[in-house]
Structures are given as structure tokens and as C-alpha cells.
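**Student:** Quick note, the sequences are listed as chains A and B, same order.
Numbering of the first sequence is given in the numbering used here, commencing with residue -18 and proceeding in unit increments.
Numbering of the second sequence is given in the numbering used here, commencing with residue 2 and proceeding in unit increments.
Hint data in this document are derived by calculation from the structure and do not stem from the laboratory.
Fair warning: this is a prediction, and the values are worked out from it, not measured in the lab.
Even glycine gets a Cβ: it sits at the ideal position worked out from N, Cα and C.
Possibly wrong hints are sitting among the right ones.
[What the hints assert, rightly or not] Not close to chain B: a few residues of chain A, all C-beta gaps over 10 Å, as computed: (1) E29; (2) A45; (3) A82.
[Stated by the list, open to error] Computed spacing ranges between beta-carbons, pair by pair: (4) B:N78 x A:F141: 37 to 43 Å; (5) A:Q114 x B:P51: 41 to 47 Å; (6) B:K87 x A:A76: 55 to 61 Å; (7) B:D185 x A:L75: 27 to 33 Å; (8) A:S121 x B:L110: 35 to 41 Å; (9) A:R159 x B:D103: 40 to 46 Å; (10) B:T79 x A:T117: 34 to 40 Å; (11) B:S126 x A:S96: 49 to 55 Å; (12) A:F141 x B:K129: 41 to 47 Å.
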Amino acid sequence: MSIRHGLLALLERGPRYGSQLRTEFESRTGSTWPLNVGQVYTTLSRLERDGLVEQDGEDEAGHALYTITHAGRTELRVWFERPVDRTSPARDELAIKLAMAVGAPGVDIRDVIQSQRRHTVKAMQDYTRLKAQALTALESGAERERDDVAWLLVLEQLIFQTEAEARWLDHCEARLIRLSATAQQPGAVVASPAAPRRVPEPGGAASLPGGVRPGGLPPGGVTGPRRPAPPHRRR
Amino acid sequence: MSSSSRSPQQPVLQLQQLTRVHGSGATEVHALRGIDLDVFPGELVAVMGPSGSGKSTLLTIAGGLDVPSSGRVIVENTDITTADRKTLAALRRRSIGYVFQDYNLIPALTAAENIALPRELDGTSARKARREAITALEEMSLGHLADRFPDEMSGGQQQRVAIARALVGDRRLVLADEPTGALDSETGESVLALLRARCDGGAAGVLVTHEPRFAAWADRVVFLRDGAVVDQTVRSDADSLLTGRTAER
Ligand SMILES: Nc1ncnc2c1ncn2[C@@H]1O[C@H](COP(=O)(O)OP(=O)(O)OP(=O)(O)O)[C@@H](O)[C@H]1O
Ligand SMILES: [Mg+2]
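Build the full structure now, drawing on both the sequences and the hints.
**Tutor:** Structure (C-alpha cells):
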């Protein structure tokens, strides 16, 4: 995440000192990505080293003030114009977990999916409640309007991001059900669901469900051994 | 947690050990297998689940439009599975607002008439019913469509008229099956905000949706799979949310 460019954007609106930058950064983004003052000063000194900001006196209270340089403004403009890089995706723990859960002995991948789905949807409920509050604040015309709008955009980004995750989980579940249904069709080359699980021998293609590559779904389909149904109500 | 701790009140809707079997013999489908669900005044519950998991079946039974194979459905202290037809019809007109998956407007009536009809059947004067209908349409930003017929409106507009119809009057229970289906993201959201406001005002709501973003407006999200509740969320204190938890993601 670009603290550098965030600070440059704030400095473009006039000289600021360190802890003031921290406060403004957080009120724009609703403390979603908390900064400590140390990070702010480290970043400022790197920006200064790179000629993008410079120190420019003190305010009445003796805080060292920073201002953006011409090079800093150019850097900022380029940042706004350049899309955020998506070509080297960040490592995603959930994707790795599901990839590892496929065919893992003793793991019911549908349970993994459902417990994540509950967690993800719950996070969305919480974000949505904050969003409803932010909308109310905006409609009541509170004075710090620019910060409220910025905070709303950040919250909505979180909502859309978690939504994408929830949809992807739905998709994974449907995909796995479909694959295990195909695997169980008569004629498909597949071990009987009742057969004890065993590690496929090297090259033992005959024991693989139709179309699933080695290390894919276990012979019993995606659900694995039946488990007692969870209680209907958890209060 | 949310419902029991915050409301000593009676639930508006109680589903008890609800089952529904369609067909018989080899073609038997167990659409619902023992559902228990209480919805309290002020509570909005979202129901999610894969296609065919029983969501619409649950909602139509809760609204008295279909009968369960076994179990009880209690709406405001009346067991609608044993109520006589007259009681049921009155309850459906007066207490229950229903938004169908396919809007279900009466083609021969205008938007305003569609909304006013159940109120008039219930003894509200025609003038008052029309006034209420116009207000309900205005809440949906559809005031200008009051005198249009369903086939003169877009799908999304018809859907919002159907929602206005479900919300008009003092409905204690609002049941909505994919109410955002034909709506764009922003309009869908305004519908949810309205449903939310209605529940905040004391109604009980059940919302069936595939969209997690809309389900997130609910107090509780219930997950159905193969006709049974497999899991549910309750809402927590949002304030604790953004300190720490997201930072670790
Ligand atoms: N009238 C009927 N006769 C026979 N089977 C039915 C009938 N209505 C529903 N079903 C079956 O009951 C099951 C549950 O259907 P339901 O309409 O409740 O699903 P749903 O969760 O609403 O799905 P969707 O998300 O696709 O709307 C399905 O298997 C469906 O085929
Ligand atoms: Mg349905």
C-alpha cells in the first residue's frame, strides 16, 4: 500500500507536519490501514532523500513542516494516472488454503468453504453497517464532508472485495459439486464411493474421478465422510 | 444472539420443524427438511443458499402461499397452517407483505392500483388507499409512474412497484424473494436501505438473495443447503471491526 503517495497527496494541499499527516491519512481512510508516527517520519525522510518533499520551517508550536516539491507533484500526477499493478497478484491465503484442501485427507472442503463464507459474509454485514452510518452522516451534512466521502469509498471497496470472495466461494462449492456428480455418473472411471480411501498409486489413473487430475478430488467426492449435521440454531 | 438478547418480544414469524416434500415415490423431492427459524420485530434475516436449496419454498410457506408437509408456521401468534381461510386471507392482506421472485403485478391495473388494491380489499377508503400508494411509489422514486400499466414499465420499475406494494400499510412481516433481481447495483441498494428502514421501524423481514452484498444489510444471514439450515451469522459490534482484523488480511 502506498503510504508515500498518500502523504504526497495530502502535502499537495499545503505544508503539514508529521502527526498531522497521520491524522489526516486516517480520517480519509477511516483508520482502515492504521499508521504509526514512526512510519510517517520514515516515509517523509525517504521522500526528502528522493527530492519529492522538503522541510520548510516550523509552525507556531514548533512542529517541523514539510512541503511538496515540483518533482513531488510530478510523481503524484503520474501515480494518479498510472493504474495499480495487477499483474503480480499478492499471495492469497484463502486461495492457497483451498488449493491445499482439495483432496487433503480428513478435510471436508465444503466445511472449509462454509466456515470462510460465514466469516466473510459477517465481515460484510459489519462493513455494511458502518456504511449505513457513513451515509447517514453524509446526508445530515456534517462539516467534514470530504473525509466522509473518502471513508465511504474505502468502505465500499472493502464491501466489494469481500463480496468477490463470497461469490468465489459459492462458485467453488458449485464447481466441486458438479465435478463430484460427474465423477459419480455410471461409466465414469471412478472408484466406488464406498471404497476405502487410499493414496493413488503413481500412474494409477484408473482410480481417478473422471477428468480430475492426480491429487484432485478424493474418490468419495467432495464431501468426504458424512458428518452429523450442525445444530440448526447457534445462538 | 442478536434476536434473543435484544428482544424479549414475541417473534413475528416462527417456523417450527418445517418440512416440505414435493411429489411422491420415486420423484419425491425433500425441499425442506426440518427448518426452525424465529424472526423478531426489528429484525431482517437474509436467507442464502445454492439454487434448489429450498429458499423460495421456505418463503412461500412462511407467507401462507403454500402448506408444509409437517411443522408449524406461526405469524403474530396465529398458526397459519391450521387457520381457516378467512383468517389466513386477512392475515395475508394485512400483516404480510410479499415480493415475488417474478414481480406478480396485475396486468390490468396501473402501478398505483396494484398497490392500493389489497388495502381497499381490507376496508381502506379508495382515496386513502390511493394516497398511500402514491407515497409508497414516491419512496421508490417512482411517483411519475403511478398511472402506468405493468407492460408500460421496465423490469426494474415493475420490481420496485412490487416492492412498494409489499411495503404499503403497516405490514408486520415483509417477505422478499430476490427483490433486487432486475435492479442495477445502486437501485438494488436503495431497495435494501428501504427494507432495512422498515425493519428498523419494527417490522420483521426475511430476504432471499444470491447477492452477498445485499444479504449484508441483514442482522442475520441463514445458509440453506439441501433444505436444511447449515449455518448462520449474527452481527457483531462493527466498531471493533476495523481495528486489527482487516489489518491482518
Ligand atoms: N412444485 C414443485 N414440484 C416439485 N418440486 C418442486 C416444486 N417446487 C420446488 N420444487 C423443488 O424443491 C426444491 C427447492 O426449490 P426452491 O424453489 O425452494 O429452490 P430455491 O432455493 O428457491 O432455488 P433458486 O435459487 O433457484 O430460486 C428444488 O429441488 C425444486 O426443484
Ligand atoms: Mg427461488
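**Student:** So which hints don't hold here, by number, going up?
**Tutor:** The structure breaks hints 5, 9; every other hint is satisfied.
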